[in-house]
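> Kindly generate the complete structure, drawing on both the sequences and the hints.
2 protein chains.
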Amino acid sequence: MKSVKAFAPATVANVSCGFDILGFAIDAMGDYVEITRKEKSGLCVVSIEDDGGKLPWEVEKNTCAVAIQAMLDDYGQQIGMDIALRKGLPLGSGMGSSAASAVAALIAANRLLGDPYERKNLLPFAIAAEKAACGAGHADNVAPSLLGGFVLVRDYHPLDVIKLHVPDGLYCTLLHPHYELKTADSRSVLRDSIPLKHSTIQSGNVAGFIAGLYQEDFELISRSMRDVIAEPYRAVLLPGFYEIREALKTAGALGMGISGSGPTLFALSQGSEKSEAIAKAAKEIYESIGLGVDVYFSSINTIGAYVLEEKE
Amino acid sequence: MKSVKAFAPATVANVSCGFDILGFAIDAMGDYVEITRKEKSGLCVVSIEDDGGKLPWEVEKNTCAVAIQAMLDDYGQQIGMDIALRKGLPLGSGMGSSAASAVAALIAANRLLGDPYERKNLLPFAIAAEKAACGAGHADNVAPSLLGGFVLVRDYHPLDVIKLHVPDGLYCTLLHPHYELKTADSRSVLRDSIPLKHSTIQSGNVAGFIAGLYQEDFELISRSMRDVIAEPYRAVLLPGFYEIREALKTAGALGMGISGSGPTLFALSQGSEKSEAIAKAAKEIYESIGLGVDVYFSSINTIGAYVLEEKE
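Sequences listed follow chains W and C, in order.
Position 180 (the first sequence) corresponds to 179 in numbering that gives the first Met the number 0; numbering is contiguous.
Position 241 (the second sequence) corresponds to 240 in numbering that gives the first Met the number 0; numbering is contiguous.
Honestly, the hints are just simulated from the structure, not real lab data.
Glycine included, every Cβ here is placed at the ideal spot set by N, Cα and C.
Be careful, since some hints might not be right.
[Said to hold, decoys possible] Some, not all, of what chain W presents toward chain C, calculated at C-beta under 8 Å:
#1 Asp-19
#2 Lys-53
#3 Asp-154
#4 Leu-163
#5 Leu-189
#6 Ile-193
#7 Leu-195
#8 Ser-198
#9 Gly-203
#10 Ala-210
#11 Ile-228
[Claimed, not checked] Simulated restraints, written as ranges between beta carbons of each label pair:
#12 C:Lys-119 x W:Asn-120: 43 to 53 Å
#13 W:Glu-245 x C:Lys-282: 56 to 66 Å
#14 W:Asp-114 x C:Pro-238: 49 to 59 Å
#15 C:Leu-158 x W:Glu-245: 16 to 26 Å
#16 W:Gly-168 x C:Gly-52: 55 to 65 Å
#17 C:Arg-190 x W:Tyr-241: 24 to 34 Å
#18 W:Glu-245 x C:Ser-271: 30 to 40 Å
#19 C:Gly-41 x W:Val-188: 32 to 42 Å
#20 C:Arg-190 x W:Lys-1: 50 to 60 Å
In structure tokens:
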């Protein structure tokens, strides 16, 4: 039977000043999903690798299956599919792990059907899967994983997703420390209401960041990487946060922030030359506070998820 | 004695989604200041025209004099200057009236001294004048009046002002209704704290607006012209606000918002073709609620204030 294998990249949501509205995709890591047509209708999760046994296999709960089911419900035909997932991303890391699974599943399943959906129109199905996985239908991971590059989620009602310009030579370093931080805990520290002046500061910075992307002004991007809304509250949950940022900026990073709701941190830099110095600085600090860390250096993924292999 | 006459354009601050951080300059209207060198040191306001007798002549209070004095204090030489101001802008209208006076004065005085300051470096002096005139040192009128185009005021500490791309074919209609609204009253209705979700909505819209300017995407600009922070509270002070917006959008405007803190309203449009329909719609509504209105249609001023005339 026909099968299609797809890859969807890891993503960084929030991006400091872009709380809940901004995300971008990286080239270095992602999830792999293979979808195989089966005679009998209905979806079946046939394998999950490298998840440490933590992900659900039930089609009502599995992110890949929920995403594909949402698509098939819209498509109007209940095509039978076997779903095989291989995780390239650690779970609950803040790198858009559930988003990458859902997006890879949709890209593969869409191709299996002969690409009836334009890429952008797969987004609502991925958001439905995020809602099942995380309890909230955020788009700031699924949209960049699907579309690539930097993506603005301007609005949800109706959905308005804008792919932004990515300057040449912008690179990302991801620091994934060896401890867990639940999204719910990271969300619970936020305030329901904030000072008006903080909102104005946040708006100024996200506006500066967007202008910096279009103007390819790395200094402006650097100055705009400031979050007064989530970071001050979340930083207390992240050992060494401010020391790490200081060390990374000294090593040449444009700025550093929390990837999604953490615990992974991300840094941006101009060019790849400083990657080793940035990685070294990060490892030293984590070692000094007794925590292990995995460091990934990557270019920005500008094309989004893609099909790796098709078999008849 | 040598004299220089300069013009500084009217400006629209806030621009809906850009509360306190965004402004732009228009070509159609502005203030005129002529500065004449005099033998004796010290500044002197020698004439003020078309202000209805409302502006102060004392050098400690007059916006033009305060701006020039701030410049001379920095310059280190107390050059004698006579200041003649002709208002092209109505006072307290929300069109950046005090900002235009201060900026025209600075451009003229700087030229009189042989342009020792780069244009951008005049900004702190204009902000000092705004502080004297309005009690708060905002930059979202003075920056676009000085620099032209759309200007983002990302931060004040230190001052970070970014000139943004202006799409070809973007036009502005200003509606100046015949009633007064004090900035203090318009400011007092705002809330000191706001829901986090409103801040996120505002950030998404200003990010969309900036992306729309760079991508020259008029539909995106239109969708992003939404203010959830100031407009809902200020609209109640502005008779007919929502009916006027509805009528203007029906007549072809991309969107409509409050210019600065009002009572002037601004609308943006693509191309000049719809200007008459927009003006007609505005006049009809104001007439129906028994208010007079002046309507100005203008291209965006992309060069800022400029010298009109120099005499030896």
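> Each hint should be assessed against the structure and marked as holding or not.
How the hints compare with the structure:
Restraint check, Asp-19 (chain W) versus chain C: the minimum CB separation of about 5 Å is within 8 Å; hint holds. A least Cβ separation of about 30 Å between Lys-53 (chain W) and chain C goes past the 8 Å threshold, and the interface hint is therefore violated. With a cut of 8 Å, the hint placing Asp-154 (chain W) at the interface with chain C holds, because the nearest CB-to-CB distance is about 6 Å. The beta carbon of Leu-163 (chain W) is positioned within 8 Å of a beta carbon in chain C (closest approach about 6 Å), and the interface hint is therefore held.
Checking Leu-189 (chain W) against chain C: minimum C-beta separation of about 7 Å stays under 8 Å; hint holds. Annotation: Ile-193 (chain W) was flagged as interfacial toward chain C, and the flag holds, the nearest CB pair being 5 Å apart, inside 8 Å. Because the closest C-beta pair between Leu-195 (chain W) and chain C is about 5 Å apart, less than 8 Å, the hint holds. Restraint check, Ser-198 (chain W) versus chain C: the minimum CB separation of about 4 Å is within 8 Å; hint holds.
Here the hint on Gly-203 (chain W) is kept, as its CB sits about 4 Å from the closest CB of chain C, short of 8 Å. Because the closest C-beta pair between Ala-210 (chain W) and chain C is about 5 Å apart, less than 8 Å, the hint holds. Satisfaction of the interface hint for Ile-228 (chain W) is found here, the shortest Cβ-Cβ separation to chain C being roughly 7 Å, below the 8 Å cut-off. At roughly 45 Å, the beta carbons of Lys-119 (chain C) and Asn-120 (chain W) sit within the given window of 43 to 53 Å.
A beta carbon spacing of about 59 Å between Glu-245 (chain W) and Lys-282 (chain C) agrees with the range 56 to 66 Å that was offered as a hint. Range check, Asp-114 (chain W) to Pro-238 (chain C): about 54 Å between beta-carbon atoms, so the 49 to 59 Å window is met. Under the hint 16 to 26 Å, the C-beta atoms of Leu-158 (chain C) and Glu-245 (chain W), about 24 Å apart, fit the expected range. The given range of 55 to 65 Å is respected by Gly-168 (chain W) and Gly-52 (chain C), whose C-beta atoms sit roughly 59 Å from each other.
Between Arg-190 (chain C) and Tyr-241 (chain W), the C-beta spacing of about 31 Å keeps the proposed range 24 to 34 Å intact. Distance hint for Glu-245 (chain W) and Ser-271 (chain C): a CB-CB separation of about 52 Å, inconsistent with the stated range 30 to 40 Å. Under the hint 32 to 42 Å, the C-beta atoms of Gly-41 (chain C) and Val-188 (chain W), about 58 Å apart, miss the expected range. Between Arg-190 (chain C) and Lys-1 (chain W) the Cβ separation comes to about 58 Å, which falls inside the hinted range of 50 to 60 Å.
Going down the numbered hints, you'll see the structure goes against 2, 18, 19, while the others check out.
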